[in-house]
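Just so you know, the protein sequences line up as chains Z and S, in that order. When we follow my numbering, the leftmost residue of the first sequence carries the number 449, and every step to the right adds one. When we follow my numbering, the leftmost residue of the second sequence carries the number 449, and every step to the right adds one.
Keep in mind that the hints are not guaranteed to be accurate.
Below 20 angstroms or equal to it, Euclidean Cα-Cα: the simulated EDC-like pairs (lysine to aspartate or glutamate) are [what the hints assert, rightly or not]:
#1 S/Lys567 x S/Glu593
#2 S/Lys519 x S/Asp489
#3 Z/Lys577 x S/Asp535
#4 S/Lys577 x Z/Asp535
#5 Z/Lys519 x Z/Asp489
Computed footprint of chain Z on chain S; a stretch qualifies when at least three of its residues, placed anywhere within it, have a C-beta under 8 angstroms from a C-beta of chain Z [what the hints assert, rightly or not]:
#6 471-485
#7 492-503
#8 513-520
#9 537-545
#10 620-634
Listed below are several chain S residues computed to face chain Z (Cβ distance under 7 angstroms; list not exhaustive) [to be verified]:
#11 Ala455
#12 Cys528
#13 Thr532
#14 Leu534
#15 Ser552
#16 Leu578
#17 Gln585
#18 Ala586
#19 Leu604
#20 Gly615
#21 Gln642
#22 Ala643
#23 Arg655
#24 Ala656
#25 Trp657
Worth flagging that the hints you see were computed from the coordinates, not collected in a lab. Glycine included, each C-beta is placed from N, C-alpha and C at the ideal position.
There are 2 protein chains.
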Amino acid sequence: MCPAPTARTRVRRQAERADYDRDTLYAIVDAAHLCHLAFADDTGVHALPMACWRIGDQLYLHGSNGSRMLKHAVGGAQVCATITHLDGLVLARSAFNHTMNYRSAAIYGVCERVADADKPAVLDALMDKLAPGRSRQARPGNAQELAATTVLRLPLHEFACKVRQGGPEDDADDLALPVWAGVLPLRLAPQPAQADSDFEPTPDYVRAWR
Amino acid sequence: MCPAPTARTRVRRQAERADYDRDTLYAIVDAAHLCHLAFADDTGVHALPMACWRIGDQLYLHGSNGSRMLKHAVGGAQVCATITHLDGLVLARSAFNHTMNYRSAAIYGVCERVADADKPAVLDALMDKLAPGRSRQARPGNAQELAATTVLRLPLHEFACKVRQGGPEDDADDLALPVWAGVLPLRLAPQPAQADSDFEPTPDYVRAWR
Chain Z
449 MCPAPTARTR VRRQAERADY DRDTLYAIVD AAHLCHLAFA DDTGVHALPM
499 ACWRIGDQLY LHGSNGSRML KHAVGGAQVC ATITHLDGLV LARSAFNHTM
549 NYRSAAIYGV CERVADADKP AVLDALMDKL APGRSRQARP GNAQELAATT
599 VLRLPLHEFA CKVRQGGPED DADDLALPVW AGVLPLRLAP QPAQADSDFE
649 PTPDYVRAWR
Chain S
449 MCPAPTARTR VRRQAERADY DRDTLYAIVD AAHLCHLAFA DDTGVHALPM
499 ACWRIGDQLY LHGSNGSRML KHAVGGAQVC ATITHLDGLV LARSAFNHTM
549 NYRSAAIYGV CERVADADKP AVLDALMDKL APGRSRQARP GNAQELAATT
599 VLRLPLHEFA CKVRQGGPED DADDLALPVW AGVLPLRLAP QPAQADSDFE
649 PTPDYVRAWR
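Only chain Z is shown next, with the shape it has when bound in the complex:
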């Protein structure tokens, strides 16, 4: 379950936080709506936010055919897709030991283009990740819309996760200092749904959104 990492996925700083377990990776990916995709082109190195979703051992990305990122990413270039969930601010008694709680995954590889015939099912999976069952409700993409969309897959093979959870870890000499210490947790939390117009019945995923 913990493949030997490659040179670029071996976590060196705070290696005790490293996790190469596939279940950890999948949990981080499945909880994410977006990743930051790093790639290099002739203007430099970029990190751009993209929606992402998983089917099996593949991470999927999509966008307009005209996207320079996608054009570049289909060209066989190496990319790095990184997901980070920020779970809290960790306030230690010393400035130096302040940190954050987070779950992150960096996935390295080369993207492949998803064949036209496979796009509808792959895009349905995105829709159903956003809102379970919605792929059977919204109007499906027509031929023109599907043709205008590039869908890429990045194998979930070369990756490193890094996770930090729990309270502050202060130096022993600092534990008696008169300073509040603890965690200020954060969560990407649903807020009340905003309907675009009156519509009944309200779907389950809208009623459950809170």
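Take the given structure of chain Z and dock chain S to it, following the hints.
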């Protein structure tokens, strides 16, 4: 307020969402606890999460002297620091028009190392961003801790923001479809603070954390 972008910061896809205004940039940076820093080294292209904060027209990053990212970033290499706030899922009546609400900023440039003499004030600003006033409460970094920390600044000069807000934008032909449409908002929300031990008085920033 809207400098002419460079070739790599000119937003081409959905250019109506582009914003080169410095106030927009500062608001996105100041609301963020972390960015994804993209850089390239001899093992490839990376995007790694890092804490970030702003003083004036500089973005600051820090880490251990041993960090390969920081070692590389101080070497004069071009980097891209990207921040994305996800504000909601936008459910349109057609699959194709589904999107997300977000505020993102991509900042390009070359990092400079912050001089040792300037580190304490710059790190205090990070602390006070996490928790206002805390830089006067926590034990300050000692000489050894400060020496072990590399602090970098990235000028907020070459950047592009991209913002999408509001409800779904459906094709006119789709407006009458029997499909719920609207926004499922998201917010990185404070959760109840977790004290590491009993301590009185509770600081203002802990009591206000919710």
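- Task: Starting from lysine 567 of chain S, check that the Cα of glutamate 593 of chain S is at most 20 angstroms away, please.
- Result: holds (11 angstroms)
- Query: Between lysine 519 of chain Z and aspartate 489 of chain Z, is the straight-line Cα distance small enough, at 20 angstroms or below?
  - Reply: Satisfied, since the Cα-Cα distance of roughly 10 angstroms is no more than 20 angstroms.
- Message: Can you verify the interface hint for tryptophan 657 of chain S: is its Cβ closer than 7 angstroms to any Cβ in chain Z?
- Response: holds (5 angstroms)
- Message: Please check whether alanine 656 of chain S passes as an interface residue: C-beta within 7 angstroms of a C-beta belonging to chain Z.
- Response: This interface hint is violated because 10 angstroms lies over the 7 angstroms limit.
- Message: Restraint: alanine 643 of chain S near chain Z, CB-CB cut 7 angstroms. Satisfied or not?
- Response: holds (4 angstroms)
- Message: Next item in the hint list is leucine 534 of chain S. Is there a CB on chain Z closer than 7 angstroms to its CB?
- Response: At about 6 angstroms, which falls below the 7 angstroms cut-off, the nearest Cβ of chain Z leaves the hint on leucine 534 of chain S intact, so it holds.
- Message: Taking beta carbons only, do three or more residues of the region 537-545 of chain S come closer than 8 angstroms to chain Z?
- Response: With 7 residues in contact (Cβ-Cβ under 8 angstroms with chain Z), the coverage given for the region 537-545 of chain S holds.
- Item | Given hint leucine 578 of chain S near chain Z, where the shortest CB pair must fall under 7 angstroms | holds (5 angstroms)
- Message: A closest beta-carbon separation below 7 angstroms is what the hint needs, so does glycine 615 of chain S meet it against chain Z?
- Response: Hint on glycine 615 of chain S: holds, closest Cβ of chain Z at ~5 angstroms, below 7 angstroms.
- Do the numbers back the hint for leucine 604 of chain S, that is, is its least Cβ distance to chain Z under 7 angstroms? violated (16 angstroms)
- Item | Interface hint for glutamine 642 of chain S, Cβ within 7 angstroms of any Cβ on chain Z | holds (4 angstroms)
- Could you check if glutamine 585 of chain S really has its C-beta closer than 7 angstroms to a C-beta on chain Z? Holds. Min distance 5 angstroms.
Going through the hint list in order, the structure does not satisfy hints 19, 23 and 24.
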